[in-house]
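**Student:** Two chains, each in its own frame: build the complex with the hints.
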Amino acid sequence: MTYFGWLLDGANWTGSTGIVARLAEHLGYTALTLLIAVVIAVPLGAWIGHTGRGGFLVVGLANGLRALPTLGLLVLLATLTGLSLVGPVLALIILAVPAVLAGTYAGIRNVDASIVDAATGMGMRGPEVLWKVELPNALPLIIGGLRSATLQVIATATIAAYVSLGGLGRFIIDGLGQRDFGMMIGGSILVALLAILADLLLGGLQKLIVSPGLQAGRPAAGSPGVRRLRAVPSRPAADRDAA
Amino acid sequence: MTWFLGNLDVVLRLLREHLVFSLVPVALGLLLAIPLGWVANRTATLRTVMTNAAGLLYTIPSLAVFVFMPAILGTQILDPVNVVVALTIYTVALLVRTVSDALTAVSGNVVDAANAMGYTPLRRFVGVELPLAVPVIVAGLRVAAVSTISLVTVGAVIGFGGLGLMFTEGFNRSNDAQIVTGIVLVLLLALVVDSALLLAGKLLTPWERARRAVGRTT
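These protein sequence lines map, in sequence, to chains E and P. When you line the first sequence up against UniProt numbering, it's residues 1 to 243, in that order. When you line the second sequence up against UniProt numbering, it's residues 1 to 218, in that order.
This is chain P alone, in the form it adopts within the complex (with noise of 0.2 Å):
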């Protein structure tokens, strides 16, 4: 405690970098997945053929994914542009799944009946599909942000930023107080952001709650 108050600046300033390494590869993974998911519902063989390759990617261990990006982007060894690609990646591989597993499980006679109403494909993806698919999608959405928060603090050990410097300076100095604070740290960024999407999952569908209070009375 005596630790981390007596370097309260410095902690923030890991904590606002372990953020932006999150937080932005949680997002754009998202916004990524979300097409992608939808493209691989629209086949049999491309289901299978993107599932296969979501999970490949996820099969790489975070350190060697950190490595190959450089080579594979072109960038400079230590640019953080590494380690956001690296992580957008392993949330879409996480992700995609999710998204077609949601779209999959919509009901057929809603999505008949959004076609009898004469919903556009574009327009009843985006106003019957996707929020109904909300619930499944936050819950994927949830582990892949936990897991990022996590992951982020892997790239201390080639040199990168956020809260994972308290690891590798605590180890070097064999500060305990560090090491412990980092961890603390992580766990609680992680259970902060995990409730928020939870939140944030009610919020987008009202209509989930009033169907618990129907399953409660009844």
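Extracted from the complex, chain E is given alone in its bound form (with noise of 0.2 Å):
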């Protein structure tokens, strides 16, 4: 196919607008983001599901987050700060943020109240319930949450190309003003191995620090706020048959 032409050119690859300097610049945008977002969120995710207070407030921002044009945040705040990094990262942060807030919420809530009691039974005070019993049970949740902000970032970061933001996106859209189709089949490539790398590593991340007794129950992947999914209830042999 001479759509990987431009991939499998080594000349590609290398100097400052090449692809392994674009992709640190976009592994850099996604941790950068990330790492601030997670500061934000996890800690008042935490506290709102610890006490209780403004549950409302996180799903409605995590509901209405999913209407709001990634696009739209990107130019006005690019718009209203200039020409710097710092409006694109502050949309990403901006975008990334709900996700991650929702799943710490919905993880420490869905922790099984007779557990809380246990703890609080044991002698166990406020904050040692909160680090020692909600968090570890909340973790698969808090990291679902962050496996779509993740997602969300990376796929956001592309598009950030276009407000004049390095990364991979800029391969699409330099390849769109060079009419390079090649360039830009690469780029979407890369972009596309990128997240799908990313959500693996995640994934695994997952398995390895959750505590094992609560990996049977595991949540279904990217989709935070849901309540646990059991395994395929069992219905009545007669049914199957019959299907």
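Hints listed in this document are in silico derivations from the structure and should not be mistaken for laboratory results. Fair warning: there could be bad hints in the mix.
[Claimed, not checked] Here are the computed lysine to any residue pairs in the SDA-like style, where the Cα-Cα straight-line distance is at most 25 Å:
no.: 1; chain 1: E; residue 1: Lys207; chain 2: P; residue 2: Leu57
no.: 2; chain 1: E; residue 1: Lys207; chain 2: P; residue 2: Leu56
no.: 3; chain 1: P; residue 1: Lys202; chain 2: E; residue 2: Gly60
no.: 4; chain 1: E; residue 1: Lys207; chain 2: P; residue 2: Leu46
no.: 5; chain 1: P; residue 1: Lys202; chain 2: E; residue 2: Arg66
no.: 6; chain 1: E; residue 1: Lys207; chain 2: P; residue 2: Ala53
no.: 7; chain 1: E; residue 1: Lys207; chain 2: P; residue 2: Leu28
no.: 8; chain 1: E; residue 1: Lys207; chain 2: P; residue 2: Gly55
no.: 9; chain 1: P; residue 1: Lys202; chain 2: E; residue 2: Leu32
no.: 10; chain 1: P; residue 1: Lys202; chain 2: E; residue 2: Gly64
no.: 11; chain 1: E; residue 1: Lys207; chain 2: P; residue 2: Met50
no.: 12; chain 1: P; residue 1: Lys202; chain 2: E; residue 2: Ala67
**Tutor:** Written out as structure tokens, the structure is:
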């Protein structure tokens, strides 16, 4: 296929606008954004989940954000802040926070009340309950939220090339400008691979750090806030035969 | 507001384009997801394979999918078909799991009763299982519709129409009013479509209303 020519040409991989440099930029924006989002959203979500105050806000925010056009937010912030990194990165943070917040909140809220009662009965205080019981139990949903946020940020950072951010999106935007379809396809393949790899990596991390006791009822990937789905409930054999 | 009123004809044209670009994929996606969800529900293996494939498709960033389409479909880079197909794929990816979950949740007793009454599998699916799955499917459809309305704007980056053009033009002219108007219109459109789907779901399931009323009085 001619489409892979650009991607397979070694000359496109090196230099300050090469694939390696753009990939590093993309990873840099993503890591920076997620770090800031986690620092903001995990404590806030844990506090809201622990105290139960303001939960409706978290749910509303996460739902409302789905309708917010990412491109609109990006160009608005870029226009308001001028052509610096600040606008696009701020937009990425705004898009990443609700997913992590909703995941953390739902994770803490979904911790079995009897477990929290047992911890209190053992003499644990509020902060101890939060750190030793609620947060470890909430980890699957927190990481679920982080996975959604990561995909959102990788996708939006690609679009942010339009407002002159670097990263892999540059190949799509510049490729369009130069009528170089091979470059556009190459950039798109790289972005898709990056998103899939990041999601697999976080899925692996989830398996690694979540307590084995919680693994069986793992939530569906990329669906924070959804109550844990159990395995397919068994249906009568007669029903399956008839179908 | 002055910008909005001064450019009403352009805005309405973009709004109409946006509606076509978002509602056609959602409708096509639903039509495809129902049989696929049924298929996914046949065996555990099929279910795992299909939900994983759907998850994988949903992982790929939208801008990349828009660019892939001409290569896969053999269309021109700015052919509107690209956006429609790409967003249909997203909708299917989102809804296959929902439809499959919704059908699984239909009580085995109801299915047995329909079998005992002599329903053929097809008639049972259309007349019993699908209607009972409507509330869950509508919930998924609302998510898909709202995300799609927002995703259509991304296409403007590589030159597709719809309200996203208000963002790219607004950016090029540093016209805040145009960008803000675009954001508000997308949010409003999402809200209207979401409410319409919610209402349609309620109208399609009159028995749910009766059940809720009973729940209140007891």
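**Student:** For each hint, tell me whether it holds in the structure or not.
**Tutor:** Outcome of the hint check:
For the given pair, Lys207 of chain E sits about 22 Å from Leu57 of chain P by alpha-carbon distance, which is consistent with the 25 Å threshold. A distance of roughly 18 Å separates the Cα atoms of Lys207 of chain E and Leu56 of chain P; the hinted pair therefore holds under the 25 Å criterion. Between Lys202 of chain P and Gly60 of chain E the CA atoms are separated by roughly 21 Å; this keeps the pair inside 25 Å, and the hint holds. In summary, the hint linking Lys207 of chain E to Leu46 of chain P is supported, as the alpha carbons are separated by about 24 Å, within the 25 Å threshold.
Distance hint between Lys202 of chain P and Arg66 of chain E is fulfilled; the C-alpha atoms sit about 22 Å from each other, no more than 25 Å. Distance check on the hinted pair: Lys207 of chain E and Ala53 of chain P sit about 20 Å apart at the alpha-carbon level, within 25 Å; holds. For the hint pairing Lys207 of chain E with Leu28 of chain P, the CA-to-CA distance comes to about 36 Å; that exceeds 25 Å, so the pair is violated. Taken as a hint, the Lys207 of chain E and Gly55 of chain P pair is honoured in the structure, with Cα atoms around 18 Å apart against an allowance of 25 Å.
Under the criterion of a C-alpha separation no larger than 25 Å, the hint pairing Lys202 of chain P with Leu32 of chain E is inconsistent with the structure, at around 44 Å. Only pairs whose Cα atoms come within 25 Å are accepted, and Lys202 of chain P paired with Gly64 of chain E is accepted, the gap being roughly 22 Å. Restraint check for Lys207 of chain E and Met50 of chain P: the C-alpha separation of about 22 Å stays at or below 25 Å, so the hint holds. Between the alpha carbons of Lys202 of chain P and Ala67 of chain E the distance comes to roughly 22 Å, so the proposed pair stays at or under 25 Å and holds.
Violated hints, listed in ascending order, are 7, 9; each of the other numbered hints is respected by the structure.
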